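Student: Residue-level listing of the chains:
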Amino acid sequence: MDLRTLTSLSGVSGNENEVRSAIIKQLESMGIDYECDVMGNVIAKQGNQGPKVMIDAHMDEVGLVITHIEKNGFLRFARVGGIDPRVLVSKRVLVGKDKIPGVIGAKAIHLQERDERSRVIPIDQLFIDIGAESREQAQGKVKPGDYVVFDTEYEELAPGIIKAKALDDRVGCALLLEILKQDWQDVQVYAVFSVQEEIGLRGARVAAFAVEPDMGIALEGTVCADIPGTDKEFQATRLGKGAALSIMDRGSIPNRAMLDQLIKIAESEGIAYQFREATSGGNDAGAIQQAKAGCPVVSVSVPCRYIHTPCSIMSMSDFEAARKLVIKFLESVEGGFRP
Amino acid sequence: MDLKEFLKKASLAHGVSGFEYMHIAQVVKDAMAGLVDEVKTDALGNVIGIKNGHGPDPRPRIMLAGHMDEIGLMVTKIEEGGFLRFAPVGGVDQRVLPGHEVIVYGKRPLTGVIGVKPPHLTSPEETKKAHKMEDLFIDTGLPEAEVRNLVRVGDVVTFKRQVSELMGDRLSGKALDDRAGVAVILACLEELKKYKVDADVYAVATSQEEVSLGGALVSSYGLQPDIGIAIDVCHGETPGVPEWRTSSVGKGPALAQGANIHPKVFEALEKAAKEVGVSVQKEIAPAATGTDAWAIQVTRAGVATGLVSIPLRYMHTSVETLSMGDIEGAGRLLARFIASVDAGFVKELKTWI
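Protein chains in written order, with the working numbering: chain A, 1 to 339; chain B, 1 to 353.
None of these hints come from the bench; they were simulated from the model.
Heads up, a few of these hints could be off.
To be clear about the criterion: a stretch of chain B counts as covered by chain A if any three or more of its residues have a C-beta under 8 Å from a C-beta of chain A, and this derived list gives those stretches [unchecked claim]: (1) 129-142; (2) 305-317.
The calculated label-pair distances, taken between Cβ atoms and stated as ranges, are [as the list claims (entries may be wrong)]: (3) A:E156 / B:K9: 20 to 28 Å; (4) A:K97 / B:V153: 40 to 48 Å; (5) B:R108 / A:I253: 44 to 52 Å; (6) B:E80 / A:E269: 30 to 38 Å; (7) A:D115 / B:A259: 24 to 32 Å; (8) A:M248 / B:E80: 27 to 35 Å.
In this text, all values refer to a predicted model and were calculated from it rather than measured experimentally.
For every residue, glycine included, the Cβ atom is placed at its ideal position computed from N, Cα and C.
All chains should be modelled from the sequences, with the hints used to inform the complete structure.
Tutor: Shown next, in the form of C-alpha cells:
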C-alpha cells in the first residue's frame, strides 16, 4: 500500500480504525495471517521457525478530539499526542467519521494588541469552526469525542520528496508492509501494526507481551531538524542521508549487537545510514524492550521534517535505505545472527 | 452567475498586492465580461468594468470598489540548503505561519511548507514564545541548485489553502478579504439587469489595497465618480473578541457610519436595504475605515463615499469565514441603491443645510 493512501487515512491515537481496516485488507490480499488483539493492534506473522523478531510500526497519529460544543456552535478540543499549539492556527481540519470540514481560526491581526502577536495563543483559546450557528446545529454533525485530523493533501514536492500528514508513522506501516512481501522462512517475523504509540507506547506494550519476541525492531518516522535556525549539533537527522539508527532515547537504549549488525550490513551493502543524533523522544522500542522478561531492540527510522505538524516532509531514498537495511538484517537472522 | 463558484475560484486564484495581474485580474475580467459594456485595466492593474447608464446628461457616476489583491509573502533570501526567507506583503500575522503550506511563484509554482522544529526537539522555554517571522523559512523540498534556478528574490508567495464549504452557506478560505467584495460587485451588476439605471457604473476590482490603498486612489482619480462605494469585509464575531467590536456572520452586510462616509449615502444605502428586504448591521468607524473608501473620499475635489462590509471571521488568516447570504444581500441592496441615484441625488450631496 502506498504512502499516499496510508497518509490519507485518519488514525488519531485510540481511533485507528481507518488505518487498521486498510492494513487488514492489504494483509488479506497478500495472503498473510494476522490477528487483532483487544486494544486493536494488528499482529501479522510470517515464517514458522527461527527466532521471533517483532517489527513494530504504529498506525496512530497525533491529532485532536472534540471536548465540547459551545452554545454558538464553535467546537472546543483537546490534543491527542504531542502537538505544539503554535501550528494549529489558520489550519483546515476534518472532524469525525464523516470528515466534516472545519477551520481553526484566530482573532484577526487588526484586533490584536501589539504584544499579543509575540505571545502563543493557548490551546484553551483555540476552537474549530464548522460553520454551525448554534450548538443544536453543530450537534447534527459532530459530537464530543469525535476525533479530528489535519486536512493535508499528499504531494510529491520533487522527485522522491513527499509532503503529507501523519508520516509519523505511516512511513513505518509502509515499510512493514514491504518487509512482509518477502517470503520469510527461517525467522519468525511478527509484524505489529500498533495502536496508541503517541500517547505512551501502549499498543506495542501489550503486543510485545503476547508475541514474546527474541528481538524487537521499531520502524519510525523520526525527528529531522536539518533546517535553518537549528545548529548542526541539534538537527537529529538529515533528509536524504539514509536510514536513521537510534543510539538512545527516552524509552530505550538499543542493543549494541543488533545495532552493530545493522551498521555492518549497511556498510557492506552500501546502504546509506545515519545516526539519530538526539536522545529526546521515544518510540515503541521502549515498550517492546520491557515486555515480559525483556528483549533486545533497535530502531530504524525514516527522517521526517516537521513531524507532529499538519505537513511533514520525507525522502523516498531514506525509505528505500531503511527497507533494504531491515530486510538484509532479517536475512542475516535467517543466516544465524543472534544478539 | 453562480456566486459561490466565482468566490471559490477567486479565493484559489493568486494576486498578492502589486501582482494582481498574475492571475486574479483575469478571473475578475472573465466574470465581469457579460455584465458590463466594457472592461479595461489601468496602469496600477485595477480592473474596471463600465456599465453605461440611461439618464440624461450629465449622468451620475458611481464607482464600486472591491479590492482583488490579497496579503502574502515575498522571498527575500535563498539560504544554504535552498530554504527561503521571506517578508510579509500586507498585514500577515506571524502566528498563522508555522506548519502552513504556501505556493511560491517562481518560474513555476512550487509548493512549500513553513516548517518548524517538532515538539521533541523544542525546549519548554521556546514553546512559550510565538515564532518570529524573521526566524521562519519556506521549505520547497527541492535541492538548493534547483531552488536557485527556479526562484528569485522578489518572487511572491501565497498561502496554499483549499476552499472549505462549511455548514449552511458558510465558505472558508484565503483571500476572501476582499474577493468577497468583488463577488458583491458581480452580484450587484447581475441584479442591475432588473433596473432602469440613470447612472454610469464603474465596477472596479482594485489593486494594492492591503499595502497602500493605491489602486482605489488612482482609479477614482481616473474615473472621477460622484459617489464611491467600497465593498470590503468587517470582523465577524469570534470567541475571545468583545461583541461590540464585531458584526454577526450571516445576519446581513454591515453599513459603515462615520467620518469616512457621506451621511446621505449611508441613508440611501439603508433605505435601499429596507426596500429590498435585506437586513443590515451597522459598523461604526470613527475615523479611518482601513478600506478603499478612505482613499476614494479625498480624491480630486472629494467624493461622496459609502462602505458596505461583509462580516468575516479570522481576517488575514487562510481560513477567513463568511456567509454567502451576506454577499448576495449586499449585491441586492447595492443594485437598489444605484437604481435610486439620479442627478438630483448627486446635487443633494453638496447640500449640507
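Student: Decide, hint by hint, whether the structure agrees.
Tutor: Hint by hint, here is what the structure shows:
1. 129-142: Holds: 10 residues of the region 129-142 of chain B have a Cβ under 8 Å from chain A.
2. 305-317: With 5 residues closer than 8 Å to chain A, the region 305-317 of chain B meets the three-residue bar; holds.
3. A:E156 / B:K9: 20 to 28 Å: With Cβ atoms ~25 Å apart, the hint holds.
4. A:K97 / B:V153: 40 to 48 Å: Since K97 of chain A and V153 of chain B have Cβ atoms about 46 Å apart, the given range 40 to 48 Å holds.
5. B:R108 / A:I253: 44 to 52 Å: 47 Å, holds
6. B:E80 / A:E269: 30 to 38 Å: At 31 Å between Cβs, range holds.
7. A:D115 / B:A259: 24 to 32 Å: 29 Å, holds
8. A:M248 / B:E80: 27 to 35 Å: With a Cβ separation near 30 Å, M248 of chain A and E80 of chain B satisfy 27 to 35 Å, so the hint holds.
Taken one by one, the earlier hints all hold for this structure without exception.
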